[in-house]
Structure formats: structure tokens, C-alpha cells
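A.B. asks: Make a model of the complete structure from these sequences and hints.
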Amino acid sequence: MSSASIPDPTAPLTPSGNLRRRQLVSRVSEVAATAAAVLAIAVLVLVIYSVVIRGAKKVSLDFIFTTYPTGVGPMLLGTLEIALIATLMAMPIGVLIALFLTEYSGAKGARTMKLILDLVNGLPSIILGLFAFIAFVEFKGQSGFAGAVALAIIELPLIARGSQEVLLLVPQSLREASDALGVARWRSVLTVVLPTALGGIVTSTVLAVARAAGETAPLILTSSNFDGKMFVLNPFEALPNVPTWIYKLSEEGNPEGFNEAWGMSLLLVAFILFASLGARALLARSKRKLSS
Amino acid sequence: MTTVASPAAQAGGRGTRVSPLRKRADSIGDRLLLGICLLAAAIAAGTIFLVGYQIVHGAVPAISKFGLGFVTSTEWQPNFGVFGAGVLLFGTAVTSAFALFLGAPIAISIGLFLTLLAPKGVRGVVGPLVELLAAIPSVILGFWGLLVLAPFVQSKIEPFLHSTLGFIPIFGSPQTTGLSLFTASLILTIMVIPIIASISRDLFQSVPRELQDGAAALGATRWEVVRGVVLPTTSSGVIAACILGLGRALGEAIAVSQVVGAGFEIKGSLFETGNTLASQIALQFPGALTELHKASLYYCGVILLVIGLASNLIAQWIGRRFSYAGAVAR
Amino acid sequence: MNYPDQSVPSRVRIQTGATAFPAGVTGTTVQPLVRPELVFDSREVSIFYGAKQALAGVTLGIRRGQITALIGPSGCGKTTFLRSLNRMNDSVLGFRIEGQILYHEHDIYGGNVDQVEVRRRIGMVFQKPNPFPKSIYDNVAWAPRNLGLRRGLDERVEQALRGAALWDEVKDRLKDSALGLSGGQQQRLCIARAIAIEPDVLLLDEPASALDPIATGAIEELMHSLKGRFTIVIVTHNMQQAARVADRTAFFSLETGGEKPVGALIEVDETEKIFADPRDPRTRDYVTGRFG
Numbered sequence: 000m001s002s003a004s005i006p007d008p009t010a011p012l013t014p015s016g017n018l019r020r021r022q023l024v025s026r027v028s029e030v031a032a033t034a035a036a037v038l039a040i041a042v043l044v045l046v047i048y049s050v051v052i053r054g055a056k057k058v059s060l061d062f063i064f065t066t067y068p069t070g071v072g073p074m075l076l077g078t079l080e081i082a083l084i085a086t087l088m089a090m091p092i093g094v095l096i097a098l099f100l101t102e103y104s105g106a107k108g109a110r111t112m113k114l115i116l117d118l119v120n121g122l123p124s125i126i127l128g129l130f131a132f133i134a135f136v137e138f139k140g141q142s143g144f145a146g147a148v149a150l151a152i153i154e155l156p157l158i159a160r161g162s163q164e165v166l167l168l169v170p171q172s173l174r175e176a177s178d179a180l181g182v183a184r185w186r187s188v189l190t191v192v193l194p195t196a197l198g199g200i201v202t203s204t205v206l207a208v209a210r211a212a213g214e215t216a217p218l219i220l221t222s223s224n225f226d227g228k229m230f231v232l233n234p235f236e237a238l239p240n241v242p243t244w245i246y247k248l249s250e251e252g253n254p255e256g257f258n259e260a261w262g263m264s265l266l267l268v269a270f271i272l273f274a275s276l277g278a279r280a281l282l283a284r285s286k287r288k289l290s291s
Numbered sequence: 000m001t002t003v004a005s006p007a008a009q010a011g012g013r014g015t016r017v018s019p020l021r022k023r024a025d026s027i028g029d030r031l032l033l034g035i036c037l038l039a040a041a042i043a044a045g046t047i048f049l050v051g052y053q054i055v056h057g058a059v060p061a062i063s064k065f066g067l068g069f070v071t072s073t074e075w076q077p078n079f080g081v082f083g084a085g086v087l088l089f090g091t092a093v094t095s096a097f098a099l100f101l102g103a104p105i106a107i108s109i110g111l112f113l114t115l116l117a118p119k120g121v122r123g124v125v126g127p128l129v130e131l132l133a134a135i136p137s138v139i140l141g142f143w144g145l146l147v148l149a150p151f152v153q154s155k156i157e158p159f160l161h162s163t164l165g166f167i168p169i170f171g172s173p174q175t176t177g178l179s180l181f182t183a184s185l186i187l188t189i190m191v192i193p194i195i196a197s198i199s200r201d202l203f204q205s206v207p208r209e210l211q212d213g214a215a216a217l218g219a220t221r222w223e224v225v226r227g228v229v230l231p232t233t234s235s236g237v238i239a240a241c242i243l244g245l246g247r248a249l250g251e252a253i254a255v256s257q258v259v260g261a262g263f264e265i266k267g268s269l270f271e272t273g274n275t276l277a278s279q280i281a282l283q284f285p286g287a288l289t290e291l292h293k294a295s296l297y298y299c300g301v302i303l304l305v306i307g308l309a310s311n312l313i314a315q316w317i318g319r320r321f322s323y324a325g326a327v328a329r
Numbered sequence: 000m001n002y003p004d005q006s007v008p009s010r011v012r013i014q015t016g017a018t019a020f021p022a023g024v025t026g027t028t029v030q031p032l033v034r035p036e037l038v039f040d041s042r043e044v045s046i047f048y049g050a051k052q053a054l055a056g057v058t059l060g061i062r063r064g065q066i067t068a069l070i071g072p073s074g075c076g077k078t079t080f081l082r083s084l085n086r087m088n089d090s091v092l093g094f095r096i097e098g099q100i101l102y103h104e105h106d107i108y109g110g111n112v113d114q115v116e117v118r119r120r121i122g123m124v125f126q127k128p129n130p131f132p133k134s135i136y137d138n139v140a141w142a143p144r145n146l147g148l149r150r151g152l153d154e155r156v157e158q159a160l161r162g163a164a165l166w167d168e169v170k171d172r173l174k175d176s177a178l179g180l181s182g183g184q185q186q187r188l189c190i191a192r193a194i195a196i197e198p199d200v201l202l203l204d205e206p207a208s209a210l211d212p213i214a215t216g217a218i219e220e221l222m223h224s225l226k227g228r229f230t231i232v233i234v235t236h237n238m239q240q241a242a243r244v245a246d247r248t249a250f251f252s253l254e255t256g257g258e259k260p261v262g263a264l265i266e267v268d269e270t271e272k273i274f275a276d277p278r279d280p281r282t283r284d285y286v287t288g289r290f291g
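Each protein sequence line maps, in turn, to chains A, B and C.
In terms of numbering that gives the first Met the number 0, the first sequence has 102 at position 103, counting the first letter as 1, and numbering is strictly consecutive.
In terms of numbering that gives the first Met the number 0, the second sequence has 37 at position 38, counting the first letter as 1, and numbering is strictly consecutive.
In terms of numbering that gives the first Met the number 0, the third sequence has 237 at position 238, counting the first letter as 1, and numbering is strictly consecutive.
One or more of the hints may lead you astray.
Derived list of chain B stretches under chain C, where covered just means 3 residues or more per stretch with a C-beta under 8 Å from a C-beta of chain C [as the list claims (entries may be wrong)]:
#1 207-220
#2 237-244
With a cut-off of at most 27 Å between alpha-carbon atoms, the simulated DSS-like pairs for lysine-lysine come out as follows [said to hold, decoys possible]:
#3 A/Lys286 <-> B/Lys119
#4 B/Lys155 <-> B/Lys266
#5 A/Lys247 <-> A/Lys56
#6 B/Lys119 <-> C/Lys51
#7 A/Lys139 <-> A/Lys228
#8 A/Lys288 <-> B/Lys119
#9 A/Lys57 <-> A/Lys139
#10 A/Lys113 <-> A/Lys139
#11 A/Lys228 <-> A/Lys57
No lab work stands behind these hints: they were computed from the structure.
From a predicted model like this one, the values you see are computed outputs, not experimental measurements.
A virtual CB, placed ideally from N, CA and C, is assigned to each residue, including glycine.
C.D. replies: The structure is reproduced here in C-alpha cells:
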């Protein structure tokens, strides 16, 4: 064995042998990792910056509340309505699935259900749009409802998973105390477990809505024939909505349209970012409270 | 509704899980609730089959007319009733592969940064910011790509790459608009990074402290600890994360359609226009008039669905099969 | 403060670390007061984690080529002190050290000191065996490869495994995963791993506490054979183990004088003396088992 590479123990504790080179390599890797993070943040900042600077020019109270051509009120309202309908469909099913996973299923059932949720989560949104088209639009024409169905499918795994995480954090002692008092399982689930987890479930839903509100592909195929000149409330017609309008404007090549698109983007991004950040913070807090 | 009082809490129950919860559904109310839950679960499961069935059903006219040759043929002429997905598959493959090969190293580096390098305060800020990148709707990212990124790419990046690496055919001469497979790939990279980064971050965080301490105590530099311990133990999870990111890139329709240029041929250079399966559906379906045209787009959807489900399943399989948790020391 | 006992003469810088009387001198005549060679010289070392003080004013010398045991009840700072010797506490949040730890007269926490170099010369084996999820061979060869010691790697691995009394048991399955070994074998593997790079010092943090009695016995035998080549510092809960294995023993305990209990070094001496006739009553109480 070469003892030349065994350092003299009494020598000063500065790098010996090949350590200087290895420390250099380590430093380079640290710089690279930091650069990667900086790059990602930079892209985020660039995008947000563009949206804010260009969109702010257009956004005003008129813009938000009036109809085309002065404003995009119908689109905003329609987006809210579609999101609402989608959530009304997805939330109960999602919460029930979460209850199934935490309260009733065995190991095998849980694994299967998780697989299914992951698969649903991975379905490309354009495919869901095609599905909604075949299922509804082919027979009855475009409708906000058809779009909402596709969005509900997108929201479902997110709500289920988020609710499940929160339900798992509800202390076992709560359930056991209820059992010990002779209360039926279903009653304690509905009156004790669910209410405790409600905060987390709601915030998970908000996160899901934030995700679904920006989805364009399903709506292109189900709810894109509108002109925005009046408010539409009937979900069985094409509901005006923000994402498809932005898409349409972006494909038209008209600079004035571009400005409008930036304005709508600002509104959409603002809603999504605030909803996401707020919900995430609240979710973290309710998780902490439950597990403390 | 009468309820049967449950006996005082005892161990037992039908579940095979280790959880101490009793899995009993003894009263009618319980059975009803369980039934509703099962119904919900069945709806979710049924959705996948329903979606698959409908898409395949819609594609039948095209499948029966073109068969498997659809996959290789590069002719797409709606007016003549000739359709082939070759160009689209090429575009899908190129853009997704690019996004993965560029995005995965960056994302993994970000994961390492967040777990091993960043002090707590920085981590708390950078982490959510990276996840925020994932929250940007694709239509806005595509719009930004169209008006901000594409011109920049066309005026600065493509000429630079062409002048330095132009001897490689894929870096051909820049086109006028900057709408190209290259720009689409960049947009997809941006979308893929947050997915891989956040999963990687969770994985790196789960590497046991003792293992890293053990490596450090042997006189290893930080990078050596990463290379020798952190990366190897999380490798299968990271690969699974990458495949999930790939699935995202494969299925992205809107943003890609805004910046890819809707090209109809396979050209040799990245800087030329092209198209992908998802993007083609988004671009042409609303305007498709003939049944065959629509059916061909459904056929594209079938291919997309198959690739998407396959990548999802593969990611799950890899993540589960080689998980480190199964190899913990006795 | 207890300073290393000076009544035993020893030659400075004897390769094997054994002590020897100067020629011609018998045990009872005048002995030259030669300072024993100190590998570690800790002077008034206090350690804090944030606002909490874990150790107060430890002054302790570790002699070359000997086994020094640190004993005492749990929570009195033995492991903290040990980990400070090779700067493994640096990554702990809020870690702060006052006083000096000199290693061959170099301040370990000095300005120019490279942490990695410190750990290259001062190795550590942990309480719970922590082999890498690699093959047995790769576990031992990993650090030498980093250091560029690629020539004669096979021999180095064999020597290390022999030194850890593990060679015969694993020589036919070097390519097998290290995780397939028993607890005692894994711990010996960790020792082999540490000695493969020929460090100057070995720090052992309760190396046998997670092992069964037979494995423990094997580890103790090992330490006797390693003693000459390395300076060893071992933290142990097991007094009998210290008595069997150590040349010198340092007794730590909690000092409850101030407002909060703080770990402190009570007494350090030849092992026989600590156990047979300790100076401090607290030491006597501990070694006679009067308190845990």
C-alpha cells in the first residue's frame, strides 16, 4: 500500500493528496446546483413580469365588469361558473374516495385505488376534452357543462389525494373515543372525523380549482363558441371563459387582441397564484395543527 | 334510522393493514356509507375505461381505414382524406425527449439545492417559487412563449447555436418567426422541471441522515456524498419522476400548439416548424369537418392515450419495484 | 480540572504507541517528566446548541496509541464531545463551540482547516451500523477510491476486512449486498470501511450498543488488535466494556450546580484507577452502580 498518500497526521489540517481537486469539483457542483435554482426562478420572474407589465395596462374595473368589446366580464363569470360546476361534481366524489381510503379499505384496495387515481391524474387534458366532446357535444352541441365534466375529472385526483392526507392526520384517538362511546362508525366519520378535517379538505379543493381554472384544452373542444358580448349563465350553452379566449386571441395575431390577452392573463395568473399560495399556506397550517 | 351500538373498542377488524382502526361496517348506516364510498371509487375507475372506450370508438373509422400504417405515414391532407401521424410522432418524440434531457438535470440539481445546499430561509422561498412555476396555466405560458420567448430565441439563441454548432444538422438556420420545435421544446422544459424537482426534493430529503453522516465521516466531499449515497439510493424514484415529467410533456397540447409553428413535414433541423400529437388535436379538431378527419384526430388521441398511460404505469412500476425503503438494513 | 496523569512516563513518538521505560530505569526510581504525546488536547471546551449549553469546560487529553473511553450516564455530552473531535457536529443547527481542541497541536476549528481533511484523518464508527446499500467490497473500497488510492485496491480491501476480523466470513461473497449481513457483521464492516483509508484516529460512538453480546465481544476483541495502529476514543454506556478495553477512562456527568444541568468532565485517569480508586465521589457512585 502506498503510504505516500497517507497524510502525516501532524501536518496542518489543510487539504492533502487529491483533496484540493476534489473540493474544487464539489464547489463546481454546488455552483451548478445553485445556478439551476436561479435559472428556474429567473424564468418564473420573467413570465410573471411580462404578464404583470403588459397586462396591467389593460386591466381596469371596466375591463373586469363589462362585456365585449370594452371588457371581459362574461369570460370571468363563465370561468367561475364552470369551475363551480366542476367542483360540485368532483368534490363529493373525491372526499368519498378519500374516506374510502382512510376509513374502510384494506391494503390491497388502497393500492388499487391509488393506482387508479394516479392514472386519472395522468390523463392528458386534451384527451379529456375529446371525451367530453364525444359524450356531450356531439349530441347537444357545446356547453359549459361538458367542459365542467372534463375539469371535474382533472380535479378529482387532486381533491382525493389532498383530502386523504388531511384525513390521515386526524388523530386516531378521536375515532377511538367515539367508538368507545358506542357511536356507530358512520356517525363518527360524519360528525367527528370529517368536520375536523374540513379545513384541509376545503383548501385541497381550492388548490384543485386553481389547477383546473387554467386548463384550456378541454374547453377548446366543449365551450369555445362565444363572442363575449353578453353574460351567459346557462351551463348547457357554451359558456364564455378566460382560457379559450386567451387562446383564441393568441392565435389571431392582432396586437390589440394581444393586449387584451395579457390583461386576461394577469387576472387569471393573479387568481391562480393567490389561490395556490394562500391555500398551500392554510393547508400547511391545518396539517400542523392536526399533527401537533 | 336505527343504529346498532358498536361494542366498546376492541382490536380486530377485517382490514389487512397494520392500522389499529377497525374496518367494520356493521350497522346499516355504515354499510350505506361504505357503499357510497365504493360507488365513488367505482366512478373513478370507470372514468378511465369510459374515456378510453369513447376515444377508441371515435377513432374506429380511421383505424379501419389506415390501420397501423397510420403511425408511419407522413401524409396529412385533410382535403384528400389522407391522414398519417408520422410527422406528429416525430415532433412529439423530439420535443418530449429534448424537454426531458434538458429539464431533468436542471430539476434534479434544483432538488439537490433545496435539500442539501440551501439554508432554511432560502429553502422556504425557493421551494414554493419552483412549485409556482407549475401553477402557471399552459395557455399563458404558451402565449408568453409566442410573444416573448420565440422572438428572443429567433434573434439571439438560434443564430448563436447555428453559428457555433451549425455543423450538426439539427442546428440548422433559424426561421423567421422563432416558432419551431426548439421553442416548443423549451416551453415543455419549463413545464417539466417543477414536477421532477419537487418529487426529487422529497426523495433526497428521505435519504437517512446516518447514511450521509457515514459517508461524510469517511472524508468525502459534499459532492461525493451526493454521488455515492444520495443519488444511488434515490435513483429509481428519480427515474420514475422523470418519466412522470415525460408524460406531462407528451400530453401538453395548448402551449405547444401556440409555439410549434404547425409544420407539416419532418425536417432535419430543430429550428424548423413541426407539430405534436396533442397539439395537432388542439389545432385541428375544432375546425374538422369530415368524419374521417375527426376520426383521424381521435386516432391521434388513442396513440397519445396509450403512450401517456404506458409512461404513467412504467413510472409507477419503477418507483415501486426498486424503492430503497425495501432495502433498509436489518 | 483533571489533566492527563503524568506519573506514567512514555517515550515521545513511539510508532506502536506502546509506553516504554527509558533504558536502565526501573519502576520505582526517578522517572523523567516527559509529556505523553497527545493526539487531542481539548482545553476548556464548552459546546452550545443555540442557547442551550451541552458541555461545560472540558479539558481532556487523548494519548497516542491508546484506547480512551468516555463513560457516564446518558445525556451528559459524551457523544457531543466525541463528534466535535472530527467536526461532525458542524451540520447540527445552532452548534457553537468555545475553547480549543488541538489535534497534533493544530486547532481543529481553526481558520484554514478543511473539514474533509479532518475527517480523513479522524475516522468515526457510529452507534447504529450504517453500511451503504452497495456490495461489501464497494462499501470498503468507496472511500479509498475517492482518495485516489486505486492501486492495490483489492489488497487494501482485504487488509481492512482482516483488520476488522470480517475477512474470513465474507471473502467468498464480496460482491453481495452489505445489507445482507447480520448486525454485528455490518458494524465490523463499518469498522473495516473506516480503517481502509488508514486514518490516524478512530472515534467509536457506542459501537456495540446495538449488537447482541456475542457480536459485542467480537467488537471488543477487535479493538485490542486495532489499538496499536490507531488512537481510539470510544464512548460507551457499558462500564464493564470500558474496564475491559480502555487504557484510560474519562467520566462525564451532569453538573447541576448552575441553573440548568450541563454536561461536564468529572474525572479522567488510568482505567484501573477510575474503577478501583476514583478520586471524585460522583465517579465512585457511578462505577459502583449506585446510580445509572
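A.B. asks: For each hint, tell me whether it holds in the structure or not.
C.D. replies: Cross-check of the supplied hints:
1. 207-220: That given contact holds, which follows from 12 residues of the stretch 207-220 of chain B lying within Cβ reach (below 8 Å) of chain C.
2. 237-244: violated (count 0)
3. A/Lys286 <-> B/Lys119: Answer holds: A/Lys286 to B/Lys119 is near 20 Å, not above 27 Å.
4. B/Lys155 <-> B/Lys266: Holds - the C-alpha atoms of B/Lys266 and B/Lys155 are around 22 Å apart, at most 27 Å.
5. A/Lys247 <-> A/Lys56: Holds. A/Lys247 to A/Lys56 sits at ~20 Å (cutoff 27 Å).
6. B/Lys119 <-> C/Lys51: holds (20 Å)
7. A/Lys139 <-> A/Lys228: holds (23 Å)
8. A/Lys288 <-> B/Lys119: Since the Cα atoms of A/Lys288 and B/Lys119 sit roughly 21 Å apart, the hinted pair holds (cutoff 27 Å).
9. A/Lys57 <-> A/Lys139: Distance of about 36 Å is beyond 27 Å: violated.
10. A/Lys113 <-> A/Lys139: Violated: A/Lys113 and A/Lys139 sit about 34 Å apart, past 27 Å.
11. A/Lys228 <-> A/Lys57: holds (18 Å)
In terms of the numbered hints stated before, the structure departs from hints 2, 9, 10, listed from lowest to highest.
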